[in-house]
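Peer 1: Since the structure of chain A is already known, use the hints to place chain B on it.
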Amino acid sequence: MNTVVCMKQVPDTETLIKINAEGTGIVTEGVKWVMGPYDEYGVEEALQQKEKFKAGKVTIVSLGPDRAIEAIRTGLAMGADTAVHINDAAFYEKADPYATASALAAAIKDLEYDVIFCGKQAIDDDSGQVPAILGELLGLPVITQVIKLEVADDKSKATVTREVEGGHAIIDVPLPAILTAQKGLNEPRYASLPGIMKAKKKPVDVKTVADLGVSVEPMTVIKEMSLPPARQAGKIIEGEDAAEKAKALAKALHEEAKLI
Amino acid sequence: MSTFSLDEDQRQIRDSMQRFAAEEMRPIARDCDEDAGIPDEFLEKSWELGLTANIIPEKYGGYEFGRSVLNNAIMAEELAYGDLSLSLAVMVPNLFVLPVMEMGTDLQKEKYLPGFCGDKYKVGTLAIIEHFILFDALDIKTTAERNQDHYVLNGEKCLVPMADKADHFLVVASTSKSSNNEGIDAFIVEKSIEGLTIGEKEKNMGLNALPTNTIIFKDCKIPLENRLGGEQGIDYINLISWCRIGLAATAIGLAGATKDYCIDYAKERIAFGHPIATRQAIAFMLAEMAIEIDSARLLNWKAAWTADKRDNLLRLAYLSKTYASEQAFKVADYGVSILGGHGVIREHPVEMWFRNARAFSMLEGMAIA
Numbered sequence: 000m001n002t003v004v005c006m007k008q009v010p011d012t013e014t015l016i017k018i019n020a021e022g023t024g025i026v027t028e029g030v031k032w033v034m035g036p037y038d039e040y041g042v043e044e045a046l047q048q049k050e051k052f053k054a055g056k057v058t059i060v061s062l063g064p065d066r067a068i069e070a071i072r073t074g075l076a077m078g079a080d081t082a083v084h085i086n087d088a089a090f091y092e093k094a095d096p097y098a099t100a101s102a103l104a105a106a107i108k109d110l111e112y113d114v115i116f117c118g119k120q121a122i123d124d125d126s127g128q129v130p131a132i133l134g135e136l137l138g139l140p141v142i143t144q145v146i147k148l149e150v151a152d153d154k155s156k157a158t159v160t161r162e163v164e165g166g167h168a169i170i171d172v173p174l175p176a177i178l179t180a181q182k183g184l185n186e187p188r189y190a191s192l193p194g195i196m197k198a199k200k201k202p203v204d205v206k207t208v209a210d211l212g213v214s215v216e217p218m219t220v221i222k223e224m225s226l227p228p229a230r231q232a233g234k235i236i237e238g239e240d241a242a243e244k245a246k247a248l249a250k251a252l253h254e255e256a257k258l259i
Numbered sequence: 000m001s002t003f004s005l006d007e008d009q010r011q012i013r014d015s016m017q018r019f020a021a022e023e024m025r026p027i028a029r030d031c032d033e034d035a036g037i038p039d040e041f042l043e044k045s046w047e048l049g050l051t052a053n054i055i056p057e058k059y060g061g062y063e064f065g066r067s068v069l070n071n072a073i074m075a076e077e078l079a080y081g082d083l084s085l086s087l088a089v090m091v092p093n094l095f096v097l098p099v100m101e102m103g104t105d106l107q108k109e110k111y112l113p114g115f116c117g118d119k120y121k122v123g124t125l126a127i128i129e130h131f132i133l134f135d136a137l138d139i140k141t142t143a144e145r146n147q148d149h150y151v152l153n154g155e156k157c158l159v160p161m162a163d164k165a166d167h168f169l170v171v172a173s174t175s176k177s178s179n180n181e182g183i184d185a186f187i188v189e190k191s192i193e194g195l196t197i198g199e200k201e202k203n204m205g206l207n208a209l210p211t212n213t214i215i216f217k218d219c220k221i222p223l224e225n226r227l228g229g230e231q232g233i234d235y236i237n238l239i240s241w242c243r244i245g246l247a248a249t250a251i252g253l254a255g256a257t258k259d260y261c262i263d264y265a266k267e268r269i270a271f272g273h274p275i276a277t278r279q280a281i282a283f284m285l286a287e288m289a290i291e292i293d294s295a296r297l298l299n300w301k302a303a304w305t306a307d308k309r310d311n312l313l314r315l316a317y318l319s320k321t322y323a324s325e326q327a328f329k330v331a332d333y334g335v336s337i338l339g340g341h342g343v344i345r346e347h348p349v350e351m352w353f354r355n356a357r358a359f360s361m362l363e364g365m366a367i368a
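For the protein sequence lines, the chains are A and B, in the order given.
With numbering that gives the first Met the number 0, the residue at position 124 of the first sequence is 123, and numbering never jumps.
With numbering that gives the first Met the number 0, the residue at position 356 of the second sequence is 355, and numbering never jumps.
Next up, chain A with everything else stripped away, as it sits in the complex (with noise of 0.2 Å):
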């Protein structure tokens, strides 16, 4: 079985984030970068599903600067076959998910596929709309928060779990689809050694967002970028007794909250 997984390199999550002097994104100096763990978990399931097959390949698709190579190398680490590396920091710098859905889509239609894999958001941006634009781009039906794939012996078909509030759904799709990666589909692997060292020989395609024929303009802008405000401190009711004290907080939630 043939796959694609689309992956971003994010911020690791432990990352302390700062926003730029433009108020429009995050520095970008000092932070460690990682695969994005939703995408980690794609990466996974093609590697699983080619093992169950026991034939395929598992390409590895990134849009990102020089640094997303890393995390391109962690996926041929983990085993992916091969890997497109559309590195244009220009195009990347601005791509909103339009934009970023275009640029995977015309380095995707060439490459063979049953099943495109994406992580159900990158950590990042959480913007969860580059699947979605994806399948309308290259005309897949999407599933997303898939937890559970079992593909037909003919890979004509798959039947996806994917996560419902309070529940979950069971899904027939045609092949070739997309489908968004949850936390619980799968258990990711840890680079081995020797996965490392091999990763190194296998082939990148780098390309270049005009190497793709991808002339889109984004259609939306980040204006303004902020920090949550920080936490006040908390406040504590005093009292004599439990009557006083439940007196003095329906004083504070009317007077000082305005809750009630």
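Rather than coming from a laboratory, the hints here were simulated on the basis of the structure.
Any given hint might turn out to be false.
[As the list claims (entries may be wrong)] Here are the simulated PhoX-like cross-link-like pairs (lysine-lysine), alpha carbons at most 25 Å apart as the crow flies:
hint, chain 1, residue 1, chain 2, residue 2
1, B, K220, B, K202
2, B, K121, A, K197
3, A, K201, B, K58
4, B, K217, B, K140
5, A, K199, B, K58
6, B, K119, A, K197
7, B, K44, A, K49
8, A, K56, A, K197
9, A, K199, B, K44
10, B, K202, B, K164
11, A, K93, A, K108
12, B, K164, B, K200
13, B, K44, A, K147
14, A, K31, A, K93
15, B, K266, A, K31
These numbers were taken from a predicted model, which means no experiment stands behind them.
Peer 2: Frame of chain A; chain B shown alone:
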């Protein structure tokens, strides 16, 4: 002059090991310490990292990516950052495999290396340390006396890691009465050999999770072909130096873990209205920990780099091991001080790291780079 920045391979190795250490080792470390043992599932999972098969040549079933002492040191430090005992357990098979690969005869390689390329955790271990006050790795009391067609092995080894699980032992013994290291050799000893007794599991002060045993050899008949390296023997100085570099790296990992834990603690722990990190008594200790760790790492990398160049490394390896083990104990001691009362409570890992750091300084031949 070499560079101090890691290349891409090294960064990938570091990241992968860091992650394994954080997700698979740290969460179980305390339980393993309390239970004085390591679950098999953990060992099997660690085997998937391919630390052993990675370096074994393809013709013996490995991946033949070659050995880099520097990469191994980076790896060892990151694993030990997760937990020292568990990291040593993960690396034990290499104690047997590396010397066989680097110093063994073709026959020995053919016989023993393929067994370590399967997908199940397999143990071969190294027996160096002996029960003597002022034990000196260059003055080995276990003897291997040559007869017509075999050696007769006599002596007692202690602190042999994972001895109960090991199929083969590499036993360091003296082949001549001379007191210099010229007469020191290593012998491949099968577990099943007559005269070999594996003693009770040792109860140690630290590194509780790592099973170690005493092994007694009484007139064990070792075939001539089991002398590592055959007739010409081995360069024992290199073997012991590789162990020292590997051990030093793990001590640095332990110290790094302690420092980071203490920094977080000192920022959160409020005393007299302020985080204790703002108090000079604490801040100075944290700064000193950082200085020690970085210094030890530089020395360790230099020793590893020298080993990779195949230069004489006895001195650097010894300095690195000595310094790393002293700084680890100092850092762990500071760690206990910074945590105050919490430093001796088992809820925090620092008391375990302190015990591990102290026990560690006794070791020789528990890790190899």
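Peer 1: A separate judgement is required for each hint: does it hold in the structure or not?
Peer 2: Hints and how they fare:
1. B:K220 to B:K202: Measuring from Cα to Cα gives roughly 30 Å; hence the hint is violated.
2. B:K121 to A:K197: Holds, at about 23 Å.
3. A:K201 to B:K58: Within the cut-off at roughly 22 Å; holds.
4. B:K217 to B:K140: holds (13 Å)
5. A:K199 to B:K58: Distance of about 22 Å is within 25 Å: holds.
6. B:K119 to A:K197: holds (21 Å)
7. B:K44 to A:K49: Holds, at about 21 Å.
8. A:K56 to A:K197: Roughly 15 Å separates the two Cα atoms, so the pair holds.
9. A:K199 to B:K44: OK: K199 of chain A and K44 of chain B at ~24 Å, within 25 Å.
10. B:K202 to B:K164: holds (17 Å)
11. A:K93 to A:K108: holds (23 Å)
12. B:K164 to B:K200: Holds: K164 of chain B and K200 of chain B sit about 12 Å apart, inside 25 Å.
13. B:K44 to A:K147: holds (23 Å)
14. A:K31 to A:K93: holds (21 Å)
15. B:K266 to A:K31: Cα-Cα ~22 Å, so holds.
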